[in-house]
Amino acid sequence: MIVLLIIAFIGIILFEVPGLIKQKMWRDLVAFSIYLFIGMALSIPQVLGIILPNPSKAIEVIIKPVSELLK
Amino acid sequence: MLEHGKIDGKQAIFLMLSVVLPTAILTIPAGIVRTARQDAWLSVMAATLAVLLIAWLVVSLSLRFPGKTLCEYAEEILGKTLGKIVCLLYIWLFFLYAGSGAVRQFSFFLVTAMMPETPIEVFSITVVAVAAYAVRNGLEVLCRFNQLFLPVTGLLAIVFFLSTIEMKPARLLPVFDAGLLPIVKGTVMPTMLMGEIVLLAMIIPYLNKPEEAQRIAILSALFNGFVLTASTLEALLIFGPDLAAHWIFPTFNAVRVISIANFLERLESVIVAFWVLGGFVKVGVFYYVAVLGSAQCLNLKDYRPLVLPVGVILVSFSSFMHGENIVDMIYYISQIQVPFMLIVFEVGIPLLLLIIALVRGKGGQSS
Chain A
1 MIVLLIIAFI GIILFEVPGL IKQKMWRDLV AFSIYLFIGM ALSIPQVLGI
51 ILPNPSKAIE VIIKPVSELL K
Chain B
72 MLEHGKIDGK QAIFLMLSVV LPTAILTIPA GIVRTARQDA WLSVMAATLA
122 VLLIAWLVVS LSLRFPGKTL CEYAEEILGK TLGKIVCLLY IWLFFLYAGS
172 GAVRQFSFFL VTAMMPETPI EVFSITVVAV AAYAVRNGLE VLCRFNQLFL
222 PVTGLLAIVF FLSTIEMKPA RLLPVFDAGL LPIVKGTVMP TMLMGEIVLL
272 AMIIPYLNKP EEAQRIAILS ALFNGFVLTA STLEALLIFG PDLAAHWIFP
322 TFNAVRVISI ANFLERLESV IVAFWVLGGF VKVGVFYYVA VLGSAQCLNL
372 KDYRPLVLPV GVILVSFSSF MHGENIVDMI YYISQIQVPF MLIVFEVGIP
422 LLLLIIALVR GKGGQSS
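Sequence order for the protein chains is A and B. Counting from 1, position 1 in the first sequence corresponds to residue 1 in the working numbering; the numbering is continuous, with no gaps. Counting from 1, position 44 in the second sequence corresponds to residue 115 in the working numbering; the numbering is continuous, with no gaps.
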């Protein structure tokens, strides 16, 4: 699984990066790298079986008073 | 301008139908019947009125800033830093969060109802990959595809009509049995799901006649309300409030009971076809606005480099933010996503933006 995922990421990088460098779109390249890094940080741990903290839980705490009203 | 395509009014209405209906038609009836019982259809009608207000709010805000999307005019209204924060909140907590929710619902429905042996990731990755292709090609391609397929879902009307044989009007009685409060509580969920037409705020600048936006928003809100009222009524008339509340997808099961002359059966495949096509467009639109918004927020020259990374984020969000199983997911949607998104992104921030724009005298027809 992890190998497939890494191949997919390499594929994405090979698909986008050469064009960006050729057109000298450095700002776009930085944004692409940040987004891809976030994507990697979210997907690789999941494939390795690590459970990530769920942001929905944080929202649940904030929204609790309202959702209690709706029950 | 990042997007060069233009869409016309009809395409925009069709797009808004595809944004709301695919997921709403399946999940709404069960959710509301649980709170509002046999008066659920009244809740949906009331929600339609509330959505008209939301639509009016968002469109009047957008029309003050012609040619600008939500992400661009947030910056103009609030100043650079605060505007970018609002923009990023919209992207990560609304477009990507709700978008990944749509991916999750799409996959869970197919796994639960049709293919229980297949790993759920197969469906999430497939739908996001296909949507990525559409998003890379721009808004116009997505709209044209949608315009092509949406009329096919007129078949649903025939299927609904066939199911009238099983209906009993007495199942709607007594009306107002539990008083007004459950009906009011029941309006919240359909309001949020239909309120997803706030995505128009990202699309209005690409209309060929932006001045029609008000009409587009009202028509799509009314049509969404009509279809959802009809499907809630269908589930109620066939199953009654007790049974309808216990199905996860009452509309789907309502179609399953159709059997005419032991010949015309298993018409749920029509619903599945609608779901696959509509779910794809829904995911595509959320995906598109997330990518476009990010590119505008970060001042990029092109949005296309972000398409694939955002796709990876969508798939990973969908597999860890929306619960392990379908019961969890419905809890997350009805108890967390619905109130949170309705209050913050569909009413709160647009209202705040409009008030601040009025006070600071930003925008307006003349500029």
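There could be a bad hint or two in this list.
[As the list claims (entries may be wrong)] As a list, the in silico BS3-like pairs of lysine-lysine whose alpha-carbon atoms are at most 27 angstroms apart: (1) LYS151(B) x LYS57(A); (2) LYS372(B) x LYS24(A); (3) LYS24(A) x LYS151(B); (4) LYS81(B) x LYS139(B); (5) LYS77(B) x LYS256(B); (6) LYS256(B) x LYS64(A); (7) LYS433(B) x LYS24(A); (8) LYS57(A) x LYS155(B); (9) LYS22(A) x LYS372(B); (10) LYS280(B) x LYS433(B).
These are calculated hints, taken from the structure and not from any lab test. These numbers were taken from a predicted model, which means no experiment stands behind them.
Consistency of the hints with the structure:
1. LYS151(B) x LYS57(A): violated (30 angstroms)
2. LYS372(B) x LYS24(A): holds (11 angstroms)
3. LYS24(A) x LYS151(B): With Cα atoms ~26 angstroms apart, LYS24(A) and LYS151(B) stay inside 27 angstroms; holds.
4. LYS81(B) x LYS139(B): holds (21 angstroms)
5. LYS77(B) x LYS256(B): violated (39 angstroms)
6. LYS256(B) x LYS64(A): holds (15 angstroms)
7. LYS433(B) x LYS24(A): The given pair, whose Cα atoms are some 36 angstroms apart, is violated under the 27 angstroms limit.
8. LYS57(A) x LYS155(B): holds (25 angstroms)
9. LYS22(A) x LYS372(B): holds (14 angstroms)
10. LYS280(B) x LYS433(B): holds (22 angstroms)
Checked against the numbered hints listed earlier, the structure breaks hints 1, 5 and 7; every other hint is satisfied.
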